[in-house]
Amino acid sequence: MPDPLLSIRDLTVEFDTDDGVVYAVTGVTYDVFPGETLGIVGESGSGKSVSTMSLLGLIPQPPGRVVSGEAIFDGRDLLKIKPGELRRIRGGAVSMVFQDPMTSLNPVFKVGDQISEALVAHGHDEKAATVRSIELLRIVGIPNPDQRASQYPHEFSGGMRQRAMIAMAIANEPKLLIADEPTTALDVTIQAQIIEVMKKAQEETHAATILITHDLGLIAELADRVVVMYAGRVVEQGDVHTIFASPRHPYTIGLMESLPRLTVDEDWLRPIPGQPPSMISPPPGCPFHPRCFLAQGRNVCREEVPPLRPIEESAHLSACHFAEELVGRGSKLHETVEATS
Amino acid sequence: MSSSQRDLDKELYDSALVDGGKEIPEAIGMPNDPMIIAADVTLAYESGLNIQARSQWGYVWRRFVRHKLAMASAAVLVLIFLIAIFAPQVAPYRYDEIDLEALYSPPHFETWHLLSPQNHLFGTDLLGRDYFSRVIYGIRTSVWVALVVAGLSTVIGTAIGAIAGYFGGWGDNLLMRITDLFLTLPTLAVLLVAAAYLGQGDPLRVAIILALLFWTPLARIVRGIFLSLREKEYVEAAKALGSRDSRIIIRHMLPNTLGPIIVNATLLIATAILVEAALSFLGFGIQPPTPALGKLIDDGQSEGLKLWWLVTFPGLVIVLIALCINFIGDGLRDALDPTQRRVRA
Numbered sequence: 001m002p003d004p005l006l007s008i009r010d011l012t013v014e015f016d017t018d019d020g021v022v023y024a025v026t027g028v029t030y031d032v033f034p035g036e037t038l039g040i041v042g043e044s045g046s047g048k049s050v051s052t053m054s055l056l057g058l059i060p061q062p063p064g065r066v067v068s069g070e071a072i073f074d075g076r077d078l079l080k081i082k083p084g085e086l087r088r089i090r091g092g093a094v095s096m097v098f099q100d101p102m103t104s105l106n107p108v109f110k111v112g113d114q115i116s117e118a119l120v121a122h123g124h125d126e127k128a129a130t131v132r133s134i135e136l137l138r139i140v141g142i143p144n145p146d147q148r149a150s151q152y153p154h155e156f157s158g159g160m161r162q163r164a165m166i167a168m169a170i171a172n173e174p175k176l177l178i179a180d181e182p183t184t185a186l187d188v189t190i191q192a193q194i195i196e197v198m199k200k201a202q203e204e205t206h207a208a209t210i211l212i213t214h215d216l217g218l219i220a221e222l223a224d225r226v227v228v229m230y231a232g233r234v235v236e237q238g239d240v241h242t243i244f245a246s247p248r249h250p251y252t253i254g255l256m257e258s259l260p261r262l263t264v265d266e267d268w269l270r271p272i273p274g275q276p277p278s279m280i281s282p283p284p285g286c287p288f289h290p291r292c293f294l295a296q297g298r299n300v301c302r303e304e305v306p307p308l309r310p311i312e313e314s315a316h317l318s319a320c321h322f323a324e325e326l327v328g329r330g331s332k333l334h335e336t337v338e339a340t341s
Numbered sequence: 001m002s003s004s005q006r007d008l009d010k011e012l013y014d015s016a017l018v019d020g021g022k023e024i025p026e027a028i029g030m031p032n033d034p035m036i037i038a039a040d041v042t043l044a045y046e047s048g049l050n051i052q053a054r055s056q057w058g059y060v061w062r063r064f065v066r067h068k069l070a071m072a073s074a075a076v077l078v079l080i081f082l083i084a085i086f087a088p089q090v091a092p093y094r095y096d097e098i099d100l101e102a103l104y105s106p107p108h109f110e111t112w113h114l115l116s117p118q119n120h121l122f123g124t125d126l127l128g129r130d131y132f133s134r135v136i137y138g139i140r141t142s143v144w145v146a147l148v149v150a151g152l153s154t155v156i157g158t159a160i161g162a163i164a165g166y167f168g169g170w171g172d173n174l175l176m177r178i179t180d181l182f183l184t185l186p187t188l189a190v191l192l193v194a195a196a197y198l199g200q201g202d203p204l205r206v207a208i209i210l211a212l213l214f215w216t217p218l219a220r221i222v223r224g225i226f227l228s229l230r231e232k233e234y235v236e237a238a239k240a241l242g243s244r245d246s247r248i249i250i251r252h253m254l255p256n257t258l259g260p261i262i263v264n265a266t267l268l269i270a271t272a273i274l275v276e277a278a279l280s281f282l283g284f285g286i287q288p289p290t291p292a293l294g295k296l297i298d299d300g301q302s303e304g305l306k307l308w309w310l311v312t313f314p315g316l317v318i319v320l321i322a323l324c325i326n327f328i329g330d331g332l333r334d335a336l337d338p339t340q341r342r343v344r345a
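In order, the protein sequences belong to chains A and B. If you count by the numbering used here, then the first sequence holds residues 1 to 341, one letter each, in order. If you count by the numbering used here, then the second sequence holds residues 1 to 345, one letter each, in order.
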């Protein structure tokens, strides 16, 4: 295996609030390898965005606080370098696509100017940046890019704005692209287009991508490997086929079973019982134990935080004390994927 | 799905395919291919559906132009400013020139050549100086002072408000307490003291003293807007792109704050004219022989109200200028409000 492009070790991020300390991210560890797409899944509040935003210094501090951990990118620890250096990395070697294209573009700015700003901020001169920004708009499939570049965001549709955001993100040929729920704010047909654009952008730049989403379909479509997060922790990690075919964490199984299948008539979906835990006072032991079908009455689940450990000495990791009991328990989503592909 | 339903769907689908005898091109059903969509939109452009884009400022300008009162005020104000700028050409006399044949002369009108030295449209004072000419020169001084005050205090207020609002934290606290301090000062008393010790007489110094007292409301306004803009996704996006703080403030946030800043600056001009007039009237502003509107009123009232024209005409001009600027400010405020699509009369 090649050296990882980004390796996060034991990242812990907390937020001080009036109600107490929110443990948003606890001991998160994962690697991103060059050129791959890593999907991070989890429900809202599971810490998937915070874990990546904190790398780029984009969480408000205070109240946010990186308590511990390191994030080695290109030989440097992003959590320790000076703000000026981090600024040069942001939008340069590491760039982001945001969730809501409607509000992520400045309304008083021409779209072309906003894209060239990404270039100017990293040392290109204005003229070259203008030419390149039109080229970028063409790459992401905006028709009539030279006219469109001199229009304002309100003249763009939602899908086109997200294309423009992707153009900004790939402007400086990043090595790592972080897409934070890039399709959530769009309707389904546009989502399909944006996925195509994301694929194209990746081909263009050969960037590794971190895809943050709660859309398992998107993961199946784009990701090579998957990190499943729950309550600020990584609960399962592995390549996309393994995760879909033989999940080894009850939460992952629950996630997949709560989705409808297209191929079978289904009257009843099986949601995960209970609520996501409060991040101010997370349950002791395994954070998932109050909702877990394996945990019933077992003390170890309530008392010990399960470590992330390899399954059968492979690259597939699970943080469940009883992962072995899940052998043979395929996910029904996998059947769907097989049936449609 | 039952079979009858499937048939119905098929029927609907077929009927949708045939639209007025013409088949819908297949491309429309395929959202996945950017190139096909590109081709579609290109066609729309070429078929003459080209819509002229109007910029944000285009909208503002249109709304402002339709605001009749503001436009009329702007016209009057431009005329007054032109007269002030070209005072040496327009005024029949120099401001300190004495017409010994007309001392204590009430306004009188000899000829329709309004600017002829035979007229004393606003009368003369006890030295026989033509008050029309003195008022014109007075506008010049007062407006100049007002513009400097508005410009300077806008720059100070915007800078302090922007820095406080953008960075937050203890710097914000410090700057805002300083602002509070300035706000609690009794303006007139401070002005009188400051003017007496620092800058009596010289218009520029008077302007600077006024500016140092008038930046506070704008600082608070700008800070408030910056606090809300700071949380906007596009500011976060700009940060994620690696833009510098200075660039984010100047290029992303200031343009979104410009509306209130412009309105505030406009209204400040009016306030500055009034305060400068008050200051000069009290004898702490601009010193003779330089005429300023407040000073002219002061000169007039010391003669008693018998010489009513000495008080009335400079007073009317002050009121006119202040009114015009306030109307323009109203018009700008309406025009810059993006939620207001409808144009008021």
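The hints are simulated quantities; they were obtained by calculation from the structure and are not laboratory data. Warning: the hint list may mix true and false statements.
Unchecked claim - Simulated pairs of lysine-lysine, DSSO-like, Cα-Cα distance not exceeding 30 Å:
| no. | chain 1 | residue 1 | chain 2 | residue 2 |
| --- | --- | --- | --- | --- |
| 1 | B | Lys232 | A | Lys110 |
| 2 | B | Lys239 | A | Lys199 |
| 3 | A | Lys127 | A | Lys110 |
What the hints assert, rightly or not - Computed spacing ranges between beta-carbons, pair by pair:
| no. | chain 1 | residue 1 | chain 2 | residue 2 | range |
| --- | --- | --- | --- | --- | --- |
| 4 | B | Gly169 | A | His154 | 48 to 56 Å |
| 5 | A | Lys127 | B | Tyr59 | 57 to 65 Å |
| 6 | B | Ile178 | A | Asp10 | 42 to 50 Å |
| 7 | B | Leu69 | A | His154 | 25 to 33 Å |
| 8 | B | Ser228 | A | Gly84 | 22 to 30 Å |
| 9 | B | Leu258 | A | Ser157 | 24 to 32 Å |
Claimed, not checked - Here are some of the chain A residues that sit facing chain B, going by a computed Cβ distance under 7 Å:
| no. | residue |
| --- | --- |
| 10 | Met96 |
| 11 | Ser104 |
| 12 | Leu105 |
| 13 | Gly123 |
| 14 | His124 |
| 15 | Ala295 |
| 16 | Arg298 |
Since the model is a prediction, treat every value here as computed from it, not as a measurement. No residue lacks a Cβ here, since even glycine has one placed at the ideal position from N, Cα and C.
- Task: Against chain B, run the beta carbon of A:Met96 and see if the smallest gap drops under 7 Å.
- Result: Holds, because the Cβ-Cβ distance from A:Met96 to chain B comes to roughly 4 Å (cut-off 7 Å).
- So does B:Leu258 sit 24 to 32 Å from A:Ser157, Cβ to Cβ? Given a distance of about 27 Å, which is inside 24 to 32 Å, the answer is holds.
- Given A:Ser104 as an interface hint, is the shortest Cβ-Cβ distance to chain B below 7 Å? holds, 4 Å
- Message: 48 to 56 Å was suggested as the range; check whether the CB atoms of B:Gly169 and A:His154 agree with it.
- Response: violated, 34 Å
- Message: So if I understand the rule, the pair passes when the alpha-carbon distance is 30 Å or less; does B:Lys239 with A:Lys199 pass?
- Response: Holds, at roughly 25 Å.
- Task: Confirm or reject the claim that B:Ser228 and A:Gly84 have a C-beta distance inside 22 to 30 Å.
- Result: Since the Cβ atoms of B:Ser228 and A:Gly84 sit about 27 Å apart, the hinted range of 22 to 30 Å holds.
- Task: Using Cβ atoms only, decide whether A:Ala295 comes closer than 7 Å to chain B, and label the hint accordingly.
- Result: Since the shortest Cβ distance to chain B is 38 Å, the answer is violated.
- Item | Restraint check, 7 Å cut-off on beta carbons, for A:His124 near chain B | violated, 12 Å
- Task: Could you grab the alpha-carbon distance between A:Lys127 and A:Lys110 and see if it respects the 30 Å cut-off?
- Result: holds, 15 Å
- Query: Taking the closest Cβ pair, is A:Gly123 under 7 Å from chain B?
  - Reply: Nearest chain B Cβ about 10 Å off; hint violated.
- Does the Cβ pair B:Leu69, A:His154 satisfy 25 to 33 Å? Holds - the Cβ-Cβ distance for B:Leu69 and A:His154, about 29 Å, lies within 25 to 33 Å.
- Message: With the threshold set at 30 Å, check whether the alpha-carbon distance from B:Lys232 to A:Lys110 stays at or below it.
- Response: Measuring from Cα to Cα gives roughly 17 Å; hence the hint holds.
The structure shown violates the earlier hints numbered 4, 5, 13, 14, 15, 16.
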